[in-house]
Amino acid sequence: MKKILFIEDESALQKTFGEILSQEGYEMISALDGETGLKMAKTKKPDLILLDLILPKVHGFEVLKQLKEDPETKEIPVIILTNLEAIGDVDKAIGLGATTYLVKAQYTLEEVLEKIKKALVK
Amino acid sequence: MGLVKFKKVLAQLNIFAQCKRYGLSVWQCPQFLFLIMGTIIIGTAVIAYAIGNRYIEDPALIALIVLLLTAILFIIAFIIIQGFERLAEANRMKSEFISVASHQLRSPLSNLKWAIELLMSGRIGKFEEKQTKYFKILKENSGRMEELISDLLTVSRIEQRTLPLKKQEFSLENLIKNLILEFKPLIQSSNIEVKFKSEEDLPEILADPSQIRLVIGNLLDNAIRYIKDKGEVKIKLEKKKRNLCFEIADNGVGIPKEDKKYIFQKFFRADNVLKYQTQGSGLGLYIAKAIVEKSGGKIGFSSQEGIGSTFWFTLPIK
Chain L
1 MKKILFIEDE
11 SALQKTFGEI
21 LSQEGYEMIS
31 ALDGETGLKM
41 AKTKKPDLIL
51 LDLILPKVHG
61 FEVLKQLKED
71 PETKEIPVII
81 LTNLEAIGDV
91 DKAIGLGATT
101 YLVKAQYTLE
111 EVLEKIKKAL
121 VK
Chain F
1 MGLVKFKKVL
11 AQLNIFAQCK
21 RYGLSVWQCP
31 QFLFLIMGTI
41 IIGTAVIAYA
51 IGNRYIEDPA
61 LIALIVLLLT
71 AILFIIAFII
81 IQGFERLAEA
91 NRMKSEFISV
101 ASHQLRSPLS
111 NLKWAIELLM
121 SGRIGKFEEK
131 QTKYFKILKE
141 NSGRMEELIS
151 DLLTVSRIEQ
161 RTLPLKKQEF
171 SLENLIKNLI
181 LEFKPLIQSS
191 NIEVKFKSEE
201 DLPEILADPS
211 QIRLVIGNLL
221 DNAIRYIKDK
231 GEVKIKLEKK
241 KRNLCFEIAD
251 NGVGIPKEDK
261 KYIFQKFFRA
271 DNVLKYQTQG
281 SGLGLYIAKA
291 IVEKSGGKIG
301 FSSQEGIGST
311 FWFTLPIK
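Residue numbers (my numbering), protein chains in the order written: chain L, 1 to 122; chain F, 1 to 318.
With the rest of the complex left out, here is chain L (with noise of 0.2 Å):
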């Protein structure tokens, strides 16, 4: 089965997705901050990483640079899920590595869940 590790502060987008992700077939774990989320990228070894930017503790860029920085974990592919949209935002989190950036407002639940299946076949 494959690991997803959803890193977001928000529980109910963690619950939908939590749902939607076992119903697929995938086993989801989730961190509600960056510092969890870099820890349990190490311990866990997901298959594939989502990640919003604005995080409390430690910022979606750090994690997504720090992921990326550690050979342990830079071969994980991170798909940024977050409401921050300036082409700034976009350009560093490709630069640092991201796979693919979706801004949340403008995906529907079954777009996003096609953008994962393809980050894992990849």
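Relax, there's no trap hidden among the hints.
The list that follows gives simulated cross-link-like pairs (lysine-lysine, DSS-like), each with its CA atoms no further than 27 Å apart:
| hint | chain 1 | residue 1 | chain 2 | residue 2 |
| --- | --- | --- | --- | --- |
| 1 | F | K136 | L | K115 |
| 2 | F | K133 | L | K15 |
| 3 | L | K15 | L | K3 |
| 4 | L | K115 | F | K126 |
| 5 | L | K92 | L | K68 |
| 6 | L | K65 | F | K166 |
| 7 | L | K115 | F | K139 |
| 8 | L | K68 | L | K117 |
| 9 | F | K261 | F | K294 |
| 10 | L | K122 | L | K44 |
| 11 | F | K177 | L | K115 |
| 12 | F | K318 | F | K197 |
| 13 | L | K92 | L | K74 |
| 14 | F | K177 | F | K294 |
| 15 | F | K139 | L | K15 |
| 16 | F | K126 | L | K117 |
| 17 | F | K275 | F | K136 |
| 18 | F | K298 | F | K177 |
| 19 | F | K260 | F | K240 |
| 20 | L | K3 | L | K115 |
| 21 | F | K130 | L | K15 |
| 22 | L | K15 | F | K126 |
| 23 | L | K115 | F | K184 |
| 24 | F | K177 | F | K240 |
| 25 | F | K167 | L | K92 |
| 26 | L | K115 | F | K166 |
| 27 | F | K136 | L | K15 |
| 28 | F | K166 | L | K92 |
| 29 | L | K117 | F | K139 |
| 30 | L | K92 | F | K294 |
| 31 | F | K184 | F | K136 |
So, partial list: chain L residues that the calculated Cβ filter (under 8 Å) puts toward chain F:
| hint | residue |
| --- | --- |
| 32 | A12 |
| 33 | A105 |
| 34 | L109 |
Label pairs and their computed distance ranges (CB to CB):
| hint | chain 1 | residue 1 | chain 2 | residue 2 | range |
| --- | --- | --- | --- | --- | --- |
| 35 | F | S121 | L | S11 | 12 to 22 Å |
| 36 | F | E128 | L | S11 | 26 to 36 Å |
| 37 | L | T108 | F | F264 | 25 to 35 Å |
Source of the hints: derived by calculation from the structure; they are not laboratory data.
Yeah, the Cβ is synthetic: ideal placement off N, Cα and C, and Gly gets one too.
Guided by the hints, dock chain F onto chain L, whose structure is given.
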């Protein structure tokens, strides 16, 4: 008409009311200080003339007085500038507030949207038709809120001059065709026919496709929504000198004569549309104008109440 204008002038003269509107005290209010400054300037000239006549043998005294009064004028001018700075700062904070508030609203709205989608997907149990109907209402309205917030964010970016324009060459014709396809559900449910005619072999334009998409989307949305029953929307694309000219004509309610000058102002909605079409934020045309002008083009319209409106804009080729 004349009376209205006269009243407007009088309102301008009521400096105290104006200062109150800005939330500034009288001694920080540019309007009031300008009046004081003007009085001092005239006073200085008169005094210099009077004293100059009397003490013609002592020019140093006159020079000193003039110098003193000039210094006072400088101080007042400085306070006026500070007053303007405060106004500019208040305006900046207002834009920033809109931006922060919109961002904050987006998170709970995304939670809401995706939870509704999950419910409606049938993944966690089926609902009866009657219940589904109300879920649809929830979904539609969360979508409307999302659009409004995204419009507000665009407006605050326009005002803060941080609206990103990622220019690239692309085919305007293809963009329009795709957009019409996207609007198909609304077009069909509104009982409207959309015709698109494009000149052949048009060159590509240099602009930000996602922003231009927003402009045409707003114009198309207006054209469709402001047709009362059955109707027709005609879109035309042609080359005029070094520009591509986009034109969209509808046979909708049109814009009343007295509302025409306000049509591109933000939050403005014409009287005749407010009566039966309650949806709409009054931001679409404001955004359209800002984007077109920032992209180096022009925008305009002609309209007759009860007959229809034609909106057009131009964009430079490369």
